[in-house]
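In order, the protein sequence lines correspond to chains A and B. Going by my numbering, the residue at position 210 of the first sequence is 210; the numbering climbs one at a time, nothing skipped. Going by my numbering, the residue at position 110 of the second sequence is 110; the numbering climbs one at a time, nothing skipped.
FYI, nobody ran anything at the bench for these hints, they're computed from the structure. Warning: the hint list may mix true and false statements.
With a Cα cut of at most 30 Å, we get these calculated DSSO-like pairs of lysine-lysine [unchecked claim]:
hint : chain 1 : residue 1 : chain 2 : residue 2
1    : B       : K52       : A       : K130
2    : B       : K77       : A       : K338
3    : A       : K130      : B       : K50
4    : B       : K34       : A       : K140
5    : A       : K140      : B       : K41
6    : A       : K140      : B       : K50
7    : B       : K52       : A       : K98
8    : B       : K65       : A       : K98
9    : B       : K52       : A       : K88
10   : B       : K41       : A       : K98
11   : A       : K70       : B       : K41
12   : A       : K105      : B       : K77
13   : B       : K41       : A       : K130
14   : B       : K50       : A       : K88
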Amino acid sequence: MRTKLLTSLAIGVLGLLVGLWLVRPPATRANGDKHEEKGGHAHVPAPLEYADVHVPLSVWTDPAMIARGKEIYTVRCAVCHGDQGDGKGPAGVALPLKPPDFRDKDGVAEMRDNYWFWRVSEGGQVDPFKGKGSAMPPWKSELSVEDRWAVMAYQHTYSGHSGPHVPWEHPESVAMGRDIFAMACVPCHGVAGKGDGSVGAMLAPRRAPQPRDFTGGEFKFRSTPSGQLPTTADLFRTLTEGVRSSGGPMTIGLRGHRIMPGFEYMPVQQRLEVLEYVKSLNRGFWERGAVKTVTVPVPPTLTPKRLTRGKQLYADAECLACHGERGGGDGPSAATLKDNRSLPIAATDLTRPERFKNGARPEDVYRTLVTGLAGTPMPSYGDSLEPDQAWDLVYYVLSLSRERGRAAEVGTR
Amino acid sequence: MRRLLTLLALVAIAGVVGGSPATADEAPISGTVKAIDAAGKTLTLQTVSKGKTRDVTIVLKPESKIVKFVRPPDPGKAGFVEQALSLSDIRLGWILSVTTRHEGDKEVADVVKVVLEQ
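Work the whole structure out from these sequences, hints included.
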């Protein structure tokens with residue numbers, strides 16, 4: 001009886017030890033942390049400076065680009081990534097953080113094009129990959145943008161996918177953003193992001209502003225010229241800071257000063273993920289090519305002369321027709337203003353900068369003047385005002401609020 | 001019977017404890033060449049692990065191999081072949097991957113592989 005018990009106990013202990021031996025984390029040395037091999041290729045969002053670099057759709061299937069990519073890949077990449085794209089090149093197998101297997105359909109499908117471009121450009125020199133000991137060299141100084149696209153197009157062929165590498169072909173690449181969107185954005189922006197969520201209409205009943213339709217081409221808050229889609233950084237700013245406005249009954253929680261809450265407490269990575277999903281709702285982000293942005297110059301010093309010139313421009317540019325002579329939003333045209341959905345829209349009360357939808361910092365007002373607010377009667381003055389004139393107008397607009405006005409009188413910002 | 005079981009358990013424990021360093025020795029060290037001491041037959045690699053950068057000095061012995069991978073001279077052949085190098089061929093800034101073994105507190109190179117010449 002006792003022997004049987006001891007035998008069972010010994011077998012149990014032995015089984016436990018063998019089990020522990022099998023599942024134990026591997027030992028680590030200088031940087032050979034084997035359990036990070038897969039985690040090292042975690043597809044984190046590309047940083048903002050790379051977020052707008054979307055590969056033109058035609059590149060993925062263009063035989064000439066694929067051939068160009070193959071030529072570069074064979075010389076520069078295959079030694080690590082392998083001639084078969086399996087990550088088993090002779091130099092790659094010796095690395096602690098193994099190169100990815102491009103034949104892994106699922107792994108490739110999860111990679112967004114801007115992430116891929118970022119990795120090829122910066123290699124393992126940026127976090128989180130640097131911290132994982134990635135030996136991937138940065139290619140941005142050796143390969144042109146087109147060469148990097150070509151290499152990606154060739155690498156993409158290993159996955160067996162024959163279409164363009166875009167979110168509507170690979171919904172899994174924006175799955176995390178979609179989940180965050182479902183939790184945080186659907187009530188206002190709707191399931192399909194068309195701005196038709198059930199709560200949206202109650203934010204400002206039967207009047208503008210209404211939640212944005214992400215599938216359309218009109219985005220109010222941009223640093224891009226009139227008529228263009230915003231940059232990811234623009235969307236990030238709006239998401240982070242929210243949208244100021246006098247809201248309806250459903251904005252009580254936002255103290256009536258915001259029609260859209262700011263998500264500054266959401267982790268940056270999650271904000272970037274949700275924006276990648278939002279962009280995936282509009283193919284225009286992939287079709288627009290290189291992104292041009294409006295440069296906001298360094299604000300000049302505020303002087304009384306600037307205010308005088310700004311006041312004249314305010315009249316000349318007919319700002320007072322909507323915003324009123326004293327900026328109270330009560331100009332002669334104010335009552336008739338409508339947005340692109342034919343909903344009545346109020347002219348912004350310029351005496352209350354805390355309600356400026358696009359922000360009330362001088363650079364915010366400058367950007368609004370130069371880019372306009374798409375979908376609203378607020379036009380772009382980008383073509384009609386010189387930067388210096390725009391600053392004059394910015395300072396005059398900001399001086400219309402009592403508080404700003406006082407600051408302007410003493411010559412400070 | 002009892003003795004046999006005790007022996008089995010001891011063997012298992014020894015296997016688990018002793019197995020760790022053996023596995024660790026297989027993991028290569030990779031990094032950028034920061035210093036080369038031709039006289040001392042060492043090279044220093046700057047490595048990064050878990051967000052921390054540190055320098056590792058590798059000792060080269062006569063039996064240590066240094067190789068880079070090149071395409072075969074015969075254009076009809078695919079793949080790569082090893083090309084032997086010496087320590088004097090290595091340049092600062094190159095990325096290497098090195099398999100090593102411990103000898104006392106030293107990391108002695110078995111094979112040094114050139115990942116990238118830059």
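Outcome of the hint check:
Note on K52/B and K130/A: the hinted pairing holds, with a Cα-Cα distance of about 9 Å set against a maximum of 30 Å. Restraint check: the Cα-Cα separation between K77/B and K338/A comes to about 71 Å, which exceeds 30 Å; the hinted pair is violated. Taking the CA atoms of K130/A and K50/B, the gap is about 9 Å. The hint holds against a cut of 30 Å. With a C-alpha separation of about 22 Å, the suggested pairing of K34/B with K140/A holds against the 30 Å cut-off.
With a C-alpha separation of about 34 Å, the suggested pair K140/A and K41/B falls outside the 30 Å cut-off, and the hint is violated. Restraint check: the Cα-Cα separation between K140/A and K50/B comes to about 25 Å, which is no more than 30 Å; the hinted pair holds. Of the pairs offered as hints, the one joining K52/B and K98/A holds, with about 19 Å between alpha carbons and a cut-off of 30 Å not exceeded. Between K65/B and K98/A, the direct Cα distance comes to roughly 21 Å. Compliance with the 30 Å bound is thereby established for this hinted pair.
For the proposed pair K52/B and K88/A, the alpha carbon gap of about 27 Å is at most 30 Å, so the pair holds. Restraint check for K41/B and K98/A: satisfied, since their Cα atoms lie roughly 28 Å apart, inside the 30 Å limit. Using a Cα cut-off of 30 Å, the hinted pair K70/A and K41/B is violated, with the two alpha carbons roughly 39 Å apart. A C-alpha spacing of about 28 Å is found between K105/A and K77/B, which places the hinted pair at or below 30 Å, so the restraint holds.
With a C-alpha separation of about 28 Å, the suggested pairing of K41/B with K130/A holds against the 30 Å cut-off. Between K50/B and K88/A, the direct Cα distance comes to roughly 24 Å. Compliance with the 30 Å bound is thereby established for this hinted pair.
The structure is inconsistent with the numbered hints 2, 5 and 11, although it conforms to all the rest.
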